[in-house]
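There are 2 protein chains.
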Amino acid sequence: MSDIQFNKIALIGIGLIGSSIARAIKEKHLAKEVAISTRSTLTLQRAQELELGTFYTESALECVSDADLVIVSVPVGASGAVAAEIAAGLKPGAILTDVGSTKSSVINQMLPHVPAGVHPVAGTEHSGPDAGFASLFEGRWCILTPIAGTPEGEIMRLRHFWETLGSRVDTMDAEHHDKVLAIVSHLPHIIAYNIVGTAEDLETVTESEVIKYSASGFRDFTRLAASDPVMWRDVCLHNKDAILEMLARFSEDLAYLQRAIRWGEGDKLFDLFTRTRAIRRSIVEAGQDTAEPDFGRHAKQ
Amino acid sequence: MSDIQFNKIALIGIGLIGSSIARAIKEKHLAKEVAISTRSTLTLQRAQELELGTFYTESALECVSDADLVIVSVPVGASGAVAAEIAAGLKPGAILTDVGSTKSSVINQMLPHVPAGVHPVAGTEHSGPDAGFASLFEGRWCILTPIAGTPEGEIMRLRHFWETLGSRVDTMDAEHHDKVLAIVSHLPHIIAYNIVGTAEDLETVTESEVIKYSASGFRDFTRLAASDPVMWRDVCLHNKDAILEMLARFSEDLAYLQRAIRWGEGDKLFDLFTRTRAIRRSIVEAGQDTAEPDFGRHAKQ
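Chains as they are written, first to last, in our numbering: chain W, 49 to 349; chain R, 49 to 349.
Possibly wrong hints are sitting among the right ones.
Since the list can't tell identical chains apart, any single copy or any two copies may satisfy a pair.
[Stated by the list, open to error] No farther apart than 25 Å at their CA atoms in a straight line, the calculated lysine-lysine pairs in the DSS-like style are these: (1) K74 with K288; (2) K316 with K76; (3) K288 with K260; (4) K260 with K74; (5) K80 with K260; (6) K316 with K288; (7) K316 with K74; (8) K74 with K139; (9) K76 with K288; (10) K316 with K80; (11) K139 with K288.
For the record, the hints were derived by calculation from the structure and aren't laboratory data.
Excised from the complex, chain W in its bound form (with noise of 0.2 Å):
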């Protein structure tokens, strides 16, 4: 279906994006040589069964040797240790990437280790753990922060590597990638494990009548709170700035409509409550999601 676009492609943890990853290469045939490493040995074997790769290591440093891309699929908290391993074998002209959900710590945390001639080009698969499998790439967007000093080529090559597994890519700063995933993915995940955290700790309303009613919002809710912990710690540990910035004004605008709600001001209830729905519209609109009610959890009723 494609063509070949890397010798070698080591992917060093074989979680849902990285075994996503591994088959969308192995279906168009993007690399002669797989190498998989993790260190888990029970997950490195379930990765050789599936036949997810060509080779597979506990060791991340055997993994990277020789590759043309190398692409981390690790919690963010676990990147620098990761650059620290596999920096002694990264091959000169590899392309050094990562699918973390936050940048700017990561190449802080990954850029010390990297030796000269390797590419970094860090990058984010920005649409959670909770999707499906093969397609899992297909029309998401793919955001790229490039390391100033990569070369043009480079960033291309990944680019056509993204699309090629079905993404649209997009390029920009570090910075400004953490503050678009802290409003879109980052606060809508904490306020989720925040609200059912206050559920259950709740003395009026038991626990059993909270999954009882449950209903739409609150579900909702639970199915973002029901994600990795391990990578949502460090994703609120490693985009900190970004999460306390938006956190804060969150807080601030909450208050407001506290007030609004204490004082009965109607008004400022119905502004707030109107203008939302453009935004609603829009996504819609944009093709981020559809208009349809309860994605299709109503008809299996």
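Chain R: place on chain W using the hints.
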């Protein structure tokens, strides 16, 4: 398919909930006559074109005449006015109920107008406005909050009516209902409205970026934040006490989380992000949601 349960049912308000009830009554032949009333001439015409009832009027008073069951489906802020209007026309022995999402306030608004001999049984269909039509109530919880003194037989009649529509029915007191709904429905909507407003007001991230990169998380929130502004303004104003209590707890918890992020307390984050997963599992096990990621949105892209 079913038997006639009421000679005449009056529907005050013919929006999503009211029209869904009308369709279900028709489909299941639950009443000989269905009178429909709404203040909007256009909406009333549309209801007539769709043949949702057997009699159409802009006068709620005329609508309830001789009805055995009166179902009020208007924004909760309008309940008092509707009750005042229909009071003189309510037949002795009639069951008066409503589907508003807040109960104490609706009861307080309507009860002073209810003549002796009429049986008020407040009920809520809590799945909200973002659902389908024909099968809107199937598999959903309907909570009845009967007024003290309502005869058990009348409560059973209404329970049977909702069960015929496919709902599972529970009974609780109005005050408790309002707390349950505040956490499972009202707070999530308020939070969603708030975060979409925060995103719209950012200077560092443009609105078009928010729309373009709207990922899992944010786009779920925009769906909630596109709900009917009048309905939600009224909910906020009429379930004030329960909502303010939940909001205060939510904000406290969020401040704790924010502090943990600021001070890099990964263990606190990890603890919260882990315990919230249990609630999600219980909701899926209770059949309140599917475990399927992304609800089929992905497949369509």
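For each hint, the structure was consulted:
| no. | hint | verdict |
| --- | --- | --- |
| 1 | K74 with K288 | neither (36 Å within a copy, 56 Å between copies) |
| 2 | K316 with K76 | neither (53 Å within a copy, 42 Å between copies) |
| 3 | K288 with K260 | between (35 Å within a copy, 23 Å between copies) |
| 4 | K260 with K74 | neither (43 Å within a copy, 29 Å between copies) |
| 5 | K80 with K260 | neither (52 Å within a copy, 34 Å between copies) |
| 6 | K316 with K288 | between (31 Å within a copy, 15 Å between copies) |
| 7 | K316 with K74 | neither (54 Å within a copy, 40 Å between copies) |
| 8 | K74 with K139 | within (23 Å within a copy, 73 Å between copies) |
| 9 | K76 with K288 | neither (37 Å within a copy, 56 Å between copies) |
| 10 | K316 with K80 | neither (60 Å within a copy, 44 Å between copies) |
| 11 | K139 with K288 | neither (33 Å within a copy, 63 Å between copies) |
Hint violations for this structure: numbers 1, 2, 4, 5, 7, 9, 10, 11, all remaining hints satisfied.
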